[in-house]
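Enquirer: With the hints as extra help, turn the sequences into a complete structure.
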Amino acid sequence: MGIRDRVSTQSTWVDPDNADALQCLANLRILRERDVEASELLDKVLAQVLSESEDKVFNADFCKQTGRLLMELSRYSDSASVLEKVVNSSEENVEAWYLLAYAYYSNGKYNAASDCVKVLSQLFEKKELQDKEIQEATAELDQKLKELEGKKEDMMDQEEDEYEDEEEMSDK
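Just so we're aligned: the sequence shown equals residues 1117 to 1288 in the numbering used here.
The hints are simulated quantities; they were obtained by calculation from the structure and are not laboratory data.
As the structure is a prediction and not an experimental result, all values here were calculated from the model.
Backbone N, C-alpha and C fix where the C-beta goes; we use that ideal spot for every residue, glycine too.
Hints should not be assumed to be uniformly reliable.
[Stated by the list, open to error] Straight-line alpha carbon distances no greater than 27 Å define the calculated DSS-like cross-link-like pairs of lysine-lysine that follow:
{"no.": "1", "residue 1": "Lys1267", "residue 2": "Lys1201"}
{"no.": "2", "residue 1": "Lys1180", "residue 2": "Lys1260"}
{"no.": "3", "residue 1": "Lys1225", "residue 2": "Lys1160"}
{"no.": "4", "residue 1": "Lys1267", "residue 2": "Lys1225"}
{"no.": "5", "residue 1": "Lys1243", "residue 2": "Lys1260"}
{"no.": "6", "residue 1": "Lys1267", "residue 2": "Lys1234"}
{"no.": "7", "residue 1": "Lys1234", "residue 2": "Lys1248"}
{"no.": "8", "residue 1": "Lys1242", "residue 2": "Lys1225"}
{"no.": "9", "residue 1": "Lys1248", "residue 2": "Lys1260"}
{"no.": "10", "residue 1": "Lys1267", "residue 2": "Lys1243"}
{"no.": "11", "residue 1": "Lys1225", "residue 2": "Lys1260"}
{"no.": "12", "residue 1": "Lys1180", "residue 2": "Lys1201"}
{"no.": "13", "residue 1": "Lys1242", "residue 2": "Lys1262"}
{"no.": "14", "residue 1": "Lys1180", "residue 2": "Lys1234"}
{"no.": "15", "residue 1": "Lys1225", "residue 2": "Lys1248"}
{"no.": "16", "residue 1": "Lys1234", "residue 2": "Lys1260"}
{"no.": "17", "residue 1": "Lys1262", "residue 2": "Lys1248"}
{"no.": "18", "residue 1": "Lys1172", "residue 2": "Lys1225"}
{"no.": "19", "residue 1": "Lys1267", "residue 2": "Lys1242"}
[Said to hold, decoys possible] Label-pair distances were calculated between CB atoms; the ranges are:
{"no.": "20", "residue 1": "Lys1242", "residue 2": "Pro1132", "range": "22 to 28 Å"}
{"no.": "21", "residue 1": "Arg1148", "residue 2": "Asn1227", "range": "21 to 27 Å"}
{"no.": "22", "residue 1": "Asp1159", "residue 2": "Glu1249", "range": "28 to 34 Å"}
{"no.": "23", "residue 1": "Glu1249", "residue 2": "Asp1133", "range": "14 to 20 Å"}
Expert: Right under this line is the structure:
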C-alpha cells in the first residue's frame, strides 16, 4: 500500500464522510483496477453531492472530477447527474458541458448530447476560447453524433422502403 493509499484510508477513519478523501481514495482504487471498491466510495460521494446543503457546497472542480471518475466506471447516468449540477450553476463552464455531452453520448442519450454540443459551439463563439483540446474533442463528438443521425435516417428510409414493398406485394 502506497503513501497516498495510507493517507487517504486514514483520513476516512478520522472523518468517514469526508468527500475529498473518499474521492481521492476512489481515484486510487480505479488506478489499481479495484473498480468495485471505487464504485462503493463514489456512491458515498455521489450521495453527498446530490444532496448538497447550505453548509456543504461542492465546487465545480470537485464535481467535474467526480463526474470523470464515475465515467471511468461506466456510470454515465450518475456522472450526468453530477455534471448537470455544474452546468446549472455555471452555464459557461466549457469543460463541464463537454463532459456532460460525453456522458450523455456514452449513455445513448444522443439528443441530449447534441444539445450540449450546440451549447458548446455557442460558448466557443461567444468566449472566443483558446482551448483547442476541448474544441477538437467537441468537434469529434459532434461528428460521431452526425454519423449516428445519418445512420438513423438510413434505417428509417430502409424501413419505409420495406413497408412500401410489403404494401405492393399485398396489393398483387
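Enquirer: Now tell me, hint by hint, if it's right for this structure.
Expert: Going through the hints against the structure:
Distance hint between lysine 1267 and lysine 1201 is unfulfilled; the C-alpha atoms sit about 32 Å from each other, more than 27 Å. Between lysine 1180 and lysine 1260, the direct Cα distance comes to roughly 23 Å. Compliance with the 27 Å bound is thereby established for this hinted pair. Taking the CA atoms of lysine 1225 and lysine 1160, the gap is about 26 Å. The hint holds against a cut of 27 Å. Our distance criterion of 27 Å between C-alpha atoms is met by lysine 1267 and lysine 1225, whose separation comes to about 15 Å.
Restraint check for lysine 1243 and lysine 1260: satisfied, since their Cα atoms lie roughly 24 Å apart, inside the 27 Å limit. For a cut-off of 27 Å, the pair hint linking lysine 1267 to lysine 1234 stands: about 20 Å separates their Cα positions. Annotation: proposed proximity of lysine 1234 to lysine 1248 holds, straight-line Cα distance about 17 Å (limit 27 Å). Of the pairs offered as hints, the one joining lysine 1242 and lysine 1225 holds, with about 26 Å between alpha carbons and a cut-off of 27 Å not exceeded.
Between lysine 1248 and lysine 1260, the direct Cα distance comes to roughly 18 Å. Compliance with the 27 Å bound is thereby established for this hinted pair. Simply put, lysine 1267 and lysine 1243 have alpha-carbon atoms about 33 Å apart, too far for the 27 Å limit, and the pair is violated. For the proposed pair lysine 1225 and lysine 1260, the alpha carbon gap of about 13 Å is at most 27 Å, so the pair holds. For the given pair, lysine 1180 sits about 10 Å from lysine 1201 by alpha-carbon distance, which is consistent with the 27 Å threshold.
A hinted pair counts as satisfied when its Cα atoms are at most 27 Å apart, and lysine 1242 with lysine 1262 qualifies at roughly 23 Å. Among the hinted pairs, lysine 1180 with lysine 1234 is consistent with the structure: their alpha-carbon atoms are about 20 Å apart, no more than 27 Å. Restraint check for lysine 1225 and lysine 1248: satisfied, since their Cα atoms lie roughly 25 Å apart, inside the 27 Å limit. Only pairs whose Cα atoms come within 27 Å are accepted, and lysine 1234 paired with lysine 1260 is accepted, the gap being roughly 14 Å.
The straight-line distance between the Cα atoms of lysine 1262 and lysine 1248 is roughly 21 Å, inside the 27 Å bound, and the hint therefore holds. For the given pair, lysine 1172 sits about 31 Å from lysine 1225 by alpha-carbon distance, which is inconsistent with the 27 Å threshold. As the CA atoms of lysine 1267 and lysine 1242 are separated by approximately 32 Å, the hinted pair breaks the 27 Å bound. At roughly 43 Å, the beta-carbon separation of lysine 1242 and proline 1132 lies outside the given 22 to 28 Å, and the hint is violated.
Distance hint check: the CB atoms of arginine 1148 and asparagine 1227 are about 37 Å apart, inconsistent with the given range 21 to 27 Å. Distance hint for aspartate 1159 and glutamate 1249: a CB-CB separation of about 31 Å, consistent with the stated range 28 to 34 Å. Range check, glutamate 1249 to aspartate 1133: Cβ separation about 35 Å, and the 14 to 20 Å hint is violated.
In terms of the numbered hints stated before, the structure departs from hints 1, 10, 18, 19, 20, 21, 23, listed from lowest to highest.
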